[in-house]
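Student: Residue-level listing of the chains:
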Amino acid sequence: MDVINALVVLANFVIVPGLAYGAQLALGALGVTLIYGILRFSNFAHGDTMAFGTAITIIGTNALIAAGITFGPLPTALIALPLGIAATCLLVLGTDWTVYKFYRTKKAAPVILVIVSMGVMFIMNGIVRFIIGVGDINFADGERFVVTARGFREATGLAEGLAIRTTQVITVIVALIAMALLFWFLNKTRTGKSMRAFSDNEDLALLSGINPDWVVKVTWMIVAALATTAGVLYGLDKSFKAFTYFQLLLPIFAAAIVGGLGSPLGAIAGGFVIAFSEVTVTYAWKRVLGYILPENLAPEALVQLMSTDYKFAVSFAILIVVLLFKPTGLFKGKSV
Amino acid sequence: QDVKIGVVLGFTGPLESITPAMAAGAELAMAEVTESGLLLDGATVTSVRADSTCIDASAATAAAERVVTSDGVTAIMGADCSGVTGAILQNVARPNGIVMISPSATSPGLSTAEDDGLFFRTAPSDARQGVIITNILQDRGFNNVAVTYTNNDYGKGLADAFQAEFEAAGGTVTISAAHEDGKADYSAEVGALASAGGDVLVVAGYVDQGGSGVIRAALDTGAFDTFYLPDGMVGSVLNDRFGAELNGTFGAYPGTDSPGAALFVTMAEGAGFDGTSAFAPESYDAAALIMLAMAKAGSSNSADFKDHVFDVANEPGEVIYPGELAKALELIAAGQDVNYEGASAVELIGPGESAGNYQEIEFKDGVYSTIGFR
Amino acid sequence: MTEPFLIGDTMTGGYGKGPDILHGCTIAVERGEIAVIVGPNGAGKSTAMKAVFGMLNVNSGAVRLDGEDITHLTPQERVVKGMGFVPQTSNIFTSMTVEENLEMGAFIRRDDFSDTMAQVYDLFPILKEKRHQAAGELSGGQRQQVAVGRALMTKPKVLMLDEPTAGVSPIVMDELFDRIIEVARTGIPILMVEQNARQALEIADKAYVLVQGRNAHTGTGKQLLADPEVRRSFLGG
Amino acid sequence: MNPAIRAPLLFGFVAVLMIGTGIVQGWNSALLILNMGLISAIMALGVNLQWGFAGLFNIGVMGFVALGGLAAVLISTPPTEGAWAAGGWNIVIGLLLGGMTVIGAILAQHRMALGRIRTLTTLAILIAGFFIYRAVFDPGVTAIEAINPSVSGNIGGLNLPVLLSWPVGGLLAAGAAWIIGKTALGLRSDYLAIATLGIAEIIIAVLKNEDWLSRGVKNVIGLDRPVPFEIELQQDPTFVARAVGLGLDPVTASGIYTKLAYSALFAVVLLILLWMAQMALKSPWGRMMRAIRDNETAARAMGKDVTARHLQIFILGSAICGVAGAMMTTLDGQLTPGSYQPLRFTFLVWVMVIVGGSGNNFGAVLGGILIWWLWVQVEPMGLALMQILSSGLEDGSALQTRMIDAAAHMRLLTMGLLMLIVLRFSPRGLIPER
Amino acid sequence: MIVVENLVKTFGGFRAVDGASLRIEQGSITGLIGPNGAGKTTLFNVIAGVLQPTSGRVTMMGEDITGLPPHALFHKGLLRTFQIAHEFSSMTVRENLMMVPAGQSGETLWNAWFGRKRIADEERALCAKADEVIEFLTIEHLKEERAGNLSGGQKKLLELGRTMMVDAKIVFLDEVGAGVNRTLLNTIGDAIIRLNKERNYTFVVIEHDMDFIGRLCDPVICMAEGRVLAQGTLAEIKANEQVIEAYLGTGLKNKDKVAVV
Ligand SMILES: Nc1ncnc2c1ncn2[C@@H]1O[C@H](COP(=O)(O)OP(=O)(O)OP(=O)(O)O)[C@@H](O)[C@H]1O
Ligand SMILES: Nc1ncnc2c1ncn2[C@@H]1O[C@H](COP(=O)(O)OP(=O)(O)OP(=O)(O)O)[C@@H](O)[C@H]1O
Ligand SMILES: CC(C)C[C@H](N)C(=O)O
Ligand SMILES: [Mg+2]
Ligand SMILES: [Mg+2]
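Residue numbers (the working numbering), protein chains in the order written: chain A, 1072 to 1407; chain B, 114 to 487; chain C, 109 to 345; chain D, 10 to 443; chain E, 61 to 321.
Quick caveat, the hints were computed from the structure, so don't treat them as lab data. Some hints could be false.
Here are the simulated lysine to aspartate or glutamate pairs, EDC-like style, with alpha carbons at most 20 angstroms apart [to be verified]:
no.	chain 1	residue 1	chain 2	residue 2
1	E	Lys313	C	Asp219
2	A	Lys1259	C	Asp219
3	A	Lys1405	D	Asp303
4	A	Lys1259	C	Glu207
5	A	Lys1178	D	Asp303
6	D	Lys291	E	Asp181
7	E	Lys315	C	Asp286
8	A	Lys1264	C	Asp219
9	A	Lys1259	C	Glu208
10	E	Lys313	C	Glu245
11	A	Lys1405	D	Asp314
12	D	Lys291	E	Glu205
13	E	Lys313	C	Asp282
14	E	Lys313	C	Asp286
15	A	Lys1178	D	Glu442
16	E	Lys315	C	Asp313
17	E	Lys313	C	Glu310
18	D	Lys291	E	Glu183
19	C	Lys236	E	Glu285
20	C	Lys189	A	Asp1212
21	E	Lys136	D	Asp314
22	A	Lys1403	C	Glu245
23	D	Lys291	E	Glu155
24	A	Lys1172	A	Asp1284
Listed next, with one range per pair, are the computed distances between beta-carbon atoms [said to hold, decoys possible]:
no.	chain 1	residue 1	chain 2	residue 2	range
25	E	Gly175	D	Phe434	35 to 45 angstroms
26	B	Arg487	D	Ile28	40 to 50 angstroms
27	D	Ser435	A	Leu1395	33 to 43 angstroms
28	A	Asn1367	D	Lys191	41 to 51 angstroms
29	D	Lys191	C	Arg217	51 to 61 angstroms
30	B	Phe486	A	Thr1169	49 to 59 angstroms
31	C	Asp335	E	Arg254	43 to 53 angstroms
32	D	Pro237	B	Phe486	26 to 36 angstroms
33	D	Gln244	B	Gly463	19 to 29 angstroms
34	E	Trp173	D	Lys191	23 to 33 angstroms
Partial list, computed: chain E residues near chain C (C-beta under 10 angstroms) [claimed, not checked]:
no.	residue
35	Ala98
36	Leu128
37	Ala188
38	Lys189
39	Gly212
40	Gln214
Backbone N, C-alpha and C define an ideal beta-carbon position, used for all residues, glycine too.
This is chain A alone, in the form it adopts within the complex:
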């Protein structure tokens, strides 16, 4: 019984949150990695793209709810998601047309595109705040939990509870599906392969009759879909706030890079690496050990390797160690 309790504690505070957070990062990282893989730059505006898509979805959700349409136990936002994706598509395609295209045709160095994307980030930052403001917005409705901590305790009679949120489940599933689809798309379909060809050698792609404009458009549309989905799922699980979405950028980049830039599989792996290194290394084992060890050995202290103050430091340290052994990420990423 105690062992089960220990496992439940671990699941509740480490495994479930880690999985969910990892999947959230992974979804964001998929978008980043795709842009890097095909268009060959690190897109700093990704966090704000996510915020934009989410903002539009929130507006749609509010309209739906006002009209009395809901999605049963699932969050209404999922119905409004296509609207958000469509709007984000327009936004990123417009950005590409007005901004990025110029540098692409000029064959500007990747770092210029990175800086340009920072400019775009600043602008999107303003737009998002203009549309929806700066406050914290909670737009999750429907059934919040699949299992609540209390419900679990009552059902199992254990001392410890286990909570699983609906959004956590959805996020993990969506992330895995998105990764599989993207992997299949890039490696098996004609359009996908032409996208990889384009990213490899643009001139030669042209000579093979690949339409570069089309490749770029498809890339952005997929990115828009991924970014919006990621943003909405994250917002449903936690809450929406423009500033936080901007802050999400760093862990997302870390995930994409540690997994190997350009690799969908890597994005997923990277997301989980970052998430679990944040959650596990600073975990205090007191409670778990308290169940496992005999009474007299149960620890007084927290049994914590590092205080949570260092949670980012530790996750970055792990990232660096991974890179030292795998210099282009877990799944052999690209580098420009």
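Please arrange chains B, C, D and E with the ligands on chain A, whose structure you already have, making use of the hints.
Tutor: The following block gives chains B, C, D and E with the ligands in isolation, referenced to the frame of chain A:
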């Protein structure tokens, strides 16, 4: 004559969601005074907003310098975060001899900063709050608590002050873990907090920032269900965001049973912002103090009125509440003393900071309400 | 005389805003023929090929394909018109597998191209062995084979090759030339730049010597091979 | 445009901007912007050295800048009374033990034959070392942090002139860069970038959480200055007399005086560094660096020790950022670890380098000053933009209020817009490399 | 001069060099031929320190140089060119050459700041030398051109030119001839012979042009599938059945289809 007052707050950055109400509070007071036409023979008061960014000391300094030298403000209402407040004080206010009243910088370190008598705050130092929290917890019989704080001078200062006080009073702090604001996920912090255990979780953070994130995660995982909420955590958004989930949670934030706070809320409603938003009342008071001191000195020059801030804020004199600035100006014009209470029961002590009256709140039926004063 | 199938007619032009590299240079190829361009390094051979393919601006002159003026089409539109090109450098997708490189060659084809692929593998057996390897990991000569194979996959109406035999071993070179002859004889004109000039001129129906962006000599392959001046200056004696 | 006239013209333009700011917004404002601009220019110079010269993608600038700031505290503040006695030695010895543990582990890795024994020994050294280190180190920390925590609670500094902290800040950053370079410089492009970013975050985490060192997030304020305080000047009768003689109000004059003194100090440092960078770039050393940037494999085959050169330039560039960091903390008069944000201290510096023109020292300097000017001035510009845009709207309409409310956020939007415009018209930066 | 013993280099499971053993005699011009993918370039890369061998040993004049980094080998007098040209694309042709010599005093920062007189003198000499090489390569008009803008063949020339900037002991040439005009290639051949005779350089030359090999090389080594297949004079090699089958072939089969004029 046109008197200009700088409103230097973090309109962008981590506090961007509470600063609009703070600025609105300050500007409400200015509008009130302008309308009365009683300051310095009918002077108008205009606000000049500048962005402190809350975190970028250099940008904050440049912005403050600009409002002083370019816009010609004669006093500053701000800044918000203790870090930039210190920088502006040293690099702009002191060199230019400009009075600065911060509504929200609560770091204990600012009490001893050199200020040439130019710096005041309508918020209490966090050293005081540590005592209040200890008292409230122990009165309710909690002796075993966990603490999480936002990792800045406010959070850390408050957490340290509280822990020292609480332990001296015989309580146990099982863990004191920092959380960073604006981050994506707080599972790690909640994991550690849950493992350490405790009857109550003291959340020394911001309601619009990581503080809420930690509460959300703690509630969802069932790690804690009772929280103590210090000043930065009390805000009406809690009602919408958590509602009944927080029933039983309690806390305290600056305020008195003086009718000022309630008055202010109604006034704010009329002006179209939320008067209960954190530090909005303090902002109104900071601006009001500046203008009353000007009236008292008969000059909008900082060098002249800096010595009158204490006079108008404290006894003796007729008590002044929000919305009564015209009355106060009349009294001052008539040569009488005023004792500005304002929206947050201002009472300046020692180095020019609020004495720290707190109102205790508790959640019941999904909303919090004031249950007493300390 | 009727118009050749593909002709770059008195082309003048250069890279970007730089000076002109080509000065009134003409190259053309008839159906079923092999045309070879030779010349010193930096003469503008590759530049002429790129000009024909629309990869740089031609300030004056025209490019016509089957009588149609295509001077202003993008390279990609020329591909759709049936032109295939193997550039001299960076002519493979290094991060993609050999097979994917070949598939990309067939990108504009909607029909089943497995038989073409089988032919390419027949021609270059080593590629079949390495078909799941990233092309960037191949040896220099193997890469060259991939590049040519990619162009063959297009089933083009006209094929342009920039030094297809650079770095390939003698045996592969012979096979490649054999194959080029076969392809040409099926009616597909082939325009090719070669530094292995003697072997190339032997199979050329028409040959151009370019010097400093201008046509210096033109004739059949045999004629140029027989010209002592050409031999000495351009074919290494 | 001819680069020979382009650069002077652009610098002239920046001068006009500064003078314009002085006339419109007051000289104090203009000088304040100029001073931070000079510091930014130095940071940009450091980054340009790494990226423009050697192609090293370092986005850990923030960490080195922060280390410079730490130097300012450790050099200039007075030692905390009783801190050394209470726990200073524990900390020093603890740190030494920690360092020895790491060295021991590295030695074990190098000296022993590959195999399970090696792994076990290394692990044993690390684990034992960690506990010994904690056992010595922690009591020291506790003791020091207990000393009057609300105003000090840290070890304090050496009470030396703050100017000394500028070179020391450089050294501190160089030391960190050496360690980082030794471990991470093998990584390519964005992988190196994220590693350096990570290390910067680690440095900041240490600064934020090791209260004994520099009070952590509780900040150190009121640092010493290399120039007189304005108040002192205002109270100095000769100064006041002179100011009045010049027709200036003494308060304004004192501000201008101190700021000019800072400007002079910063300009000297900038000019020295610029001269050094310029000489280096134009020498065979610079040629070698460009060759390495262009093609490492070939440079290796041509006998150039790429690894050593990378390390060298990484250290140099980081040291320059460290110097700039110390200068900035000196100017601010305080160290606030919470204010070190990647956006501000890393990415903004990168924007400076790229907009200025990477690979070109003058470009970096120009970018540094210009972008900083923008960063400060976009705030009023954003507000103006919103006012202009909304002026056509009906007064008091919902959209208009919305726009004015959002004006603060137009600061970043304006910044982005201006950046994009600049990069549209000179995609390789304002003063491109050749 | 160089002895390679049982060298193996694997990529994943693939053995690109599979136990090759060979000797390169001091003062010789050794030809290295073999089918595409035989492992010639890989062998070069291992000897030159670009790749680490999986197993085996390389010695140079008795000294073990296995796995030394390229820059260290350069200082021992071992130079190489690249099959796929590795020019410094954003630098001018002249700079490409001037950066080659080792031990330039201007390559230390200290001198860059405080030894500028000395640098100027050295630079002048270097510049003259580079111009000589450029003239030899017949690309005078491109001195100031960015190397990235050169034609394919010109880049190969530049590769060769770099080896002429210093006094090497042994030079590995990886298909310098591919893409180079045959007339110029003859001149290059002459230069190689001259360097070999006058300065006693040892050369190892990978080439697929048998005329070129025939004119220059003795002995010739033929590799196949990562191993040495045959060794001897070119005549001997040409007569080797295995070599013909794997490498030389028997000429065009479609000769008859070529139009006769
Ligand atoms: N990085 C690599 N990964 C996997 N296989 C490789 C790699 N590099 C080379 N190979 C393989 O090793 C073999 C030998 O390659 P190498 O480049 O040495 O051939 P080579 O003899 O120089 O041929 P060529 O005459 O075509 O230049 C080839 O089959 C090639 O596919
Ligand atoms: N991208 C470019 N930009 C500017 N100039 C170029 C560029 N590419 C080539 N050139 C110049 O154009 C001239 C002709 O080059 P081109 O590549 O056409 O020569 P080529 O005849 O193909 O020579 P090779 O036989 O060496 O391949 C050369 O002098 C070269 O320097
Ligand atoms: C606005 C406030 C929440 C600021 C906080 N009290 C501080 O001192 O930083
Ligand atoms: Mg060519
Ligand atoms: Mg080879």
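Student: If a hint holds in the structure, say so; if it doesn't, say that too.
Tutor: Against the structure, the hints:
Between E:Lys313 and C:Asp219, the direct Cα distance comes to roughly 31 angstroms. Violation of the 20 angstroms bound is thereby established for this hinted pair. At most 20 angstroms may separate the alpha-carbon atoms for a hinted pair to count; A:Lys1259 and C:Asp219 meet this at roughly 17 angstroms. Using a Cα cut-off of 20 angstroms, the hinted pair A:Lys1405 and D:Asp303 holds, with the two alpha carbons roughly 18 angstroms apart. About 12 angstroms separates the Cα atoms of A:Lys1259 and C:Glu207, which keeps this hinted pair within 20 angstroms; it holds.
With a C-alpha separation of about 16 angstroms, the suggested pair A:Lys1178 and D:Asp303 falls inside the 20 angstroms cut-off, and the hint holds. Restraint check: the Cα-Cα separation between D:Lys291 and E:Asp181 comes to about 15 angstroms, which is no more than 20 angstroms; the hinted pair holds. Distance restraint check for E:Lys315 and C:Asp286: the Cα-Cα separation of roughly 8 angstroms lies within the 20 angstroms cut-off, and the hinted pair is therefore satisfied. Note on A:Lys1264 and C:Asp219: the hinted pairing holds, with a Cα-Cα distance of about 17 angstroms set against a maximum of 20 angstroms.
Straight-line distance between C-alpha atoms of A:Lys1259 and C:Glu208 comes to about 10 angstroms, which keeps the hinted pair within the 20 angstroms bound. For the hint pairing E:Lys313 with C:Glu245, the CA-to-CA distance comes to about 31 angstroms; that exceeds 20 angstroms, so the pair is violated. For the proposed pair A:Lys1405 and D:Asp314, the alpha carbon gap of about 25 angstroms is over 20 angstroms, so the pair is violated. Proposed proximity of D:Lys291 and E:Glu205 is supported: the alpha carbons are some 18 angstroms apart, at most 20 angstroms.
Note on E:Lys313 and C:Asp282: the hinted pairing holds, with a Cα-Cα distance of about 8 angstroms set against a maximum of 20 angstroms. About 6 angstroms separates the Cα atoms of E:Lys313 and C:Asp286, which keeps this hinted pair within 20 angstroms; it holds. The suggested pairing of A:Lys1178 with D:Glu442 holds, with an alpha-carbon distance near 16 angstroms, which does not exceed 20 angstroms. Straight-line distance between C-alpha atoms of E:Lys315 and C:Asp313 comes to about 13 angstroms, which keeps the hinted pair within the 20 angstroms bound.
Between the alpha carbons of E:Lys313 and C:Glu310 the distance comes to roughly 13 angstroms, so the proposed pair stays at or under 20 angstroms and holds. Of the supplied pair hints, the one linking D:Lys291 and E:Glu183 holds, its CA atoms being roughly 12 angstroms apart against a limit of 20 angstroms. Only pairs whose Cα atoms come within 20 angstroms are accepted, and C:Lys236 paired with E:Glu285 is accepted, the gap being roughly 16 angstroms. Straight-line distance between C-alpha atoms of C:Lys189 and A:Asp1212 comes to about 56 angstroms, which puts the hinted pair past the 20 angstroms bound.
Among the hinted pairs, E:Lys136 with D:Asp314 is consistent with the structure: their alpha-carbon atoms are about 14 angstroms apart, no more than 20 angstroms. At roughly 14 angstroms between alpha-carbon atoms, A:Lys1403 and C:Glu245 fall within 20 angstroms of each other, so this suggested pair holds. At roughly 12 angstroms between alpha-carbon atoms, D:Lys291 and E:Glu155 fall within 20 angstroms of each other, so this suggested pair holds. At roughly 9 angstroms between alpha-carbon atoms, A:Lys1172 and A:Asp1284 fall within 20 angstroms of each other, so this suggested pair holds.
With their beta carbons about 41 angstroms apart, E:Gly175 and D:Phe434 fall inside the hinted range of 35 to 45 angstroms. The hinted range of 40 to 50 angstroms is not satisfied by B:Arg487 and D:Ile28, whose Cβ atoms lie roughly 56 angstroms apart. Judged by the Cβ atoms, the range 33 to 43 angstroms given for D:Ser435 and A:Leu1395 holds: they are separated by roughly 38 angstroms. A hinted range of 41 to 51 angstroms for the beta carbons of A:Asn1367 and D:Lys191 is consistent with their spacing of about 46 angstroms.
Taking the beta carbon of each, D:Lys191 and C:Arg217 are about 53 angstroms apart, inside 51 to 61 angstroms as hinted. Between B:Phe486 and A:Thr1169, the C-beta spacing of about 58 angstroms keeps the proposed range 49 to 59 angstroms intact. Between C:Asp335 and E:Arg254 the Cβ separation comes to about 30 angstroms, which falls outside the hinted range of 43 to 53 angstroms. For D:Pro237 and B:Phe486, the Cβ-Cβ distance of about 48 angstroms falls outside the hinted range of 26 to 36 angstroms, so the restraint is violated.
Range check, D:Gln244 to B:Gly463: Cβ separation about 25 angstroms, and the 19 to 29 angstroms hint holds. A C-beta distance of roughly 25 angstroms is found between E:Trp173 and D:Lys191, which places it inside the suggested range of 23 to 33 angstroms. Interface restraint check for E:Ala98: the shortest CB-CB distance to chain C comes to about 8 angstroms, inside 10 angstroms, so the restraint holds. Hint status for E:Leu128: violated, given a least beta-carbon distance of 24 angstroms to chain C, over 10 angstroms.
This hint is violated: E:Ala188 has a C-beta 24 angstroms from the nearest C-beta of chain C, more than the 10 angstroms allowed. This hint is violated: E:Lys189 has a C-beta 22 angstroms from the nearest C-beta of chain C, more than the 10 angstroms allowed. A distance limit of 10 angstroms between C-beta atoms decides the matter here; for E:Gly212 the minimum to chain C is near 5 angstroms, and the interface restraint holds. At a threshold of 10 angstroms, the smallest CB-CB gap from E:Gln214 to chain C is about 5 angstroms, leaving the interface hint in force.
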